[in-house]
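Chain by chain, the residues:
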Amino acid sequence: MSASRLPELAGIVLLATFPWFGGKFYVDLAETIMISAIFALSLELLVGMSGLVSFGHAAFFGVAAYAVVLLSPRSEALPLLIALPSAVLAAAAYALVVGSLSLRTRGIYFIMVTLAFAQMAYYVLHDTKLGGGSDGIYLYVKPVLALAGTPLLDLDRPLPFYYVTLASLVVTFALLATLARSRFGRALAGIRANEQRMRAAGYSTYPYKLAAFTLGGALAGLAGFLYAVKDGFVNPEILAWQQSGVVLLMIILGGIGNLRGAVIGAFALVLLKELFQSEALFGAFARHWQLPLGLAIIAFVAVLPEGLIGLASRRRRAAVAAAHAG
Amino acid sequence: MHRDVGAQRSRQRMPAEVLLRATHLTRRFGGLVAVDRVSLDLACDQIHAVIGTNGAGKSTLVNVLAGEIAATSGKVELLGRDATGWPQPRRARGGLGRSYQRTTLFPRFTVFENCRLAAQANDQRPWNWWSPAANAESSNALAHDALLRSGLASFATRLAGTLAHGQQRQLEIAMCLATAPRILLLDEPLAGMAAEESERMLDMLAGLKPGHAILLVEHDMDAVFRVADRITVMVNGTVLASGDPASVRSNPEVQAAYLGDVTGEPA
Numbered sequence: 000m001s002a003s004r005l006p007e008l009a010g011i012v013l014l015a016t017f018p019w020f021g022g023k024f025y026v027d028l029a030e031t032i033m034i035s036a037i038f039a040l041s042l043e044l045l046v047g048m049s050g051l052v053s054f055g056h057a058a059f060f061g062v063a064a065y066a067v068v069l070l071s072p073r074s075e076a077l078p079l080l081i082a083l084p085s086a087v088l089a090a091a092a093y094a095l096v097v098g099s100l101s102l103r104t105r106g107i108y109f110i111m112v113t114l115a116f117a118q119m120a121y122y123v124l125h126d127t128k129l130g131g132g133s134d135g136i137y138l139y140v141k142p143v144l145a146l147a148g149t150p151l152l153d154l155d156r157p158l159p160f161y162y163v164t165l166a167s168l169v170v171t172f173a174l175l176a177t178l179a180r181s182r183f184g185r186a187l188a189g190i191r192a193n194e195q196r197m198r199a200a201g202y203s204t205y206p207y208k209l210a211a212f213t214l215g216g217a218l219a220g221l222a223g224f225l226y227a228v229k230d231g232f233v234n235p236e237i238l239a240w241q242q243s244g245v246v247l248l249m250i251i252l253g254g255i256g257n258l259r260g261a262v263i264g265a266f267a268l269v270l271l272k273e274l275f276q277s278e279a280l281f282g283a284f285a286r287h288w289q290l291p292l293g294l295a296i297i298a299f300v301a302v303l304p305e306g307l308i309g310l311a312s313r314r315r316r317a318a319v320a321a322a323h324a325g
Numbered sequence: 000m001h002r003d004v005g006a007q008r009s010r011q012r013m014p015a016e017v018l019l020r021a022t023h024l025t026r027r028f029g030g031l032v033a034v035d036r037v038s039l040d041l042a043c044d045q046i047h048a049v050i051g052t053n054g055a056g057k058s059t060l061v062n063v064l065a066g067e068i069a070a071t072s073g074k075v076e077l078l079g080r081d082a083t084g085w086p087q088p089r090r091a092r093g094g095l096g097r098s099y100q101r102t103t104l105f106p107r108f109t110v111f112e113n114c115r116l117a118a119q120a121n122d123q124r125p126w127n128w129w130s131p132a133a134n135a136e137s138s139n140a141l142a143h144d145a146l147l148r149s150g151l152a153s154f155a156t157r158l159a160g161t162l163a164h165g166q167q168r169q170l171e172i173a174m175c176l177a178t179a180p181r182i183l184l185l186d187e188p189l190a191g192m193a194a195e196e197s198e199r200m201l202d203m204l205a206g207l208k209p210g211h212a213i214l215l216v217e218h219d220m221d222a223v224f225r226v227a228d229r230i231t232v233m234v235n236g237t238v239l240a241s242g243d244p245a246s247v248r249s250n251p252e253v254q255a256a257y258l259g260d261v262t263g264e265p266a
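Protein chains in written order, with numbering that gives the first Met the number 0: chain A, 0 to 325; chain B, 0 to 266.
None of these hints come from the bench; they were simulated from the model. By construction, the Cβ of each residue, glycine as well, lies at the ideal position given by its N, Cα and C atoms. Any given hint could be a false lead.
[Claimed, not checked] Here are some, though not all, of the chain A residues that point toward chain B, as calculated from beta-carbon distances under 8 angstroms:
#, residue
1, Tyr25
2, Leu178
3, Arg182
4, Gly189
5, Ala199
Here chain A stands alone, though its shape is the one from the complex (with noise of 0.2 angstroms):
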């Protein structure tokens, strides 16, 4: 592994030893934080790779955590290897149908629409019995890996959980990784900058965009997916424009256009979450945390606006200008 690379091996041993020193409440808080890193990584494949500023991307994370409540029986536990991917592909086979339509249109357009097919699918499940209605469904027996009905993978008990998640969230970071580097990602990183250009040089720009949206959706689904086997509930307000805002926050508050950027601003916006949520700091003011996060995202914002990660950039371009001096 090249020296480039550092960061993210530290991390994952950070986080692959951490139960073993964090108590449980931080396990559980490390748990949401990497399921919201995925699905922060999921958006930076759309806004950050892609141009694409999606503003329904919870629709996706929401129709994934739904296909693993609803296709779960009551009494027994639903294979792994059926519900991982039936949420997946269910979150996917929402991104292409919504991808299909929303790419015809471009910019402020594009917002709209997807915010509209993300709204449609939180009226569908708030308005109607499908999932329980606005109360939400629980997951009653979390999925189980099982070879000839000895249990290999347990989504039940905490520690599994932690090292699937973490498995997932090393994964997707891979996968993005290897994919901003192939023909396939280079041909979305020109899209991005000048899809005229690229259509000039003989590149049918639609066939790519609708690739990359979808594998975001799955990729969404895929936290979709670990978020409701974690809590073992969802509920409508999964897929509410507030969840496709928090989102698109994490990636601008780490640095869109970098994916270390996104997995960095869903750690800082979940922390500051709690930070401001938390009542001994906090006391009464507490209950009103959502305004002393929105400040500070707005403090971070104007101070950075490259991003939480444009402070090592910053920091790279200080010392090279100070070599340079010396």
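Since the structure of chain A is already known, use the hints to place chain B on it.
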């Protein structure tokens, strides 16, 4: 009345292989006829310049030929095949390269990667998500060749956005060349260039003639009369005259409508 003159003349006088043939191309925008039954042939090993005042329909003609704008009527043949219904990417893969009046590079990519990305259009393999694009040998070779031909080889590792304006215009052409086109549609490649940069570009264009059919839209008349083998003059969307530079220069209608002082100079 002169609409078909150019096409007829070119068919009569040019033994060279015709790589692109436009017949009665028309493009309307509501009540405005931006391109009105224009016919022209682009032959291999030749530079065919299209001149005309602003609003004459030159850029629209390039856009219609490239497939960026659909023709209202008329026909485009590309290497002998009817390409009228082809969208732009298919025309590009079919051998038609174009450059833009305004520079359209990927400023955050290196000069080499700008060319490699263009070259990759011929070997896209969109489902190969595992091999790095940098390992695509055929694209690398095409990009390398395009940089050599455009005189930018020594700038390969520079970010495209940091190049001087003239070099960016050269890179614009290099990106066209990287797609290995047979036909080049160049929309004002000399725009905004200093005299020295223009010279370099004209040398480059002359060097590109063998194996290519080049359509050159340009306002610089000295440059046009220096490098063009054929010239088509457009006025209000129609072809006013078409032929070799000497016949265009001496055409009284062209003199009256467009060339003015230029034709007064000794040839």
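(message) Tell me the hint numbers this structure goes against, listed in increasing order.
(response) 1
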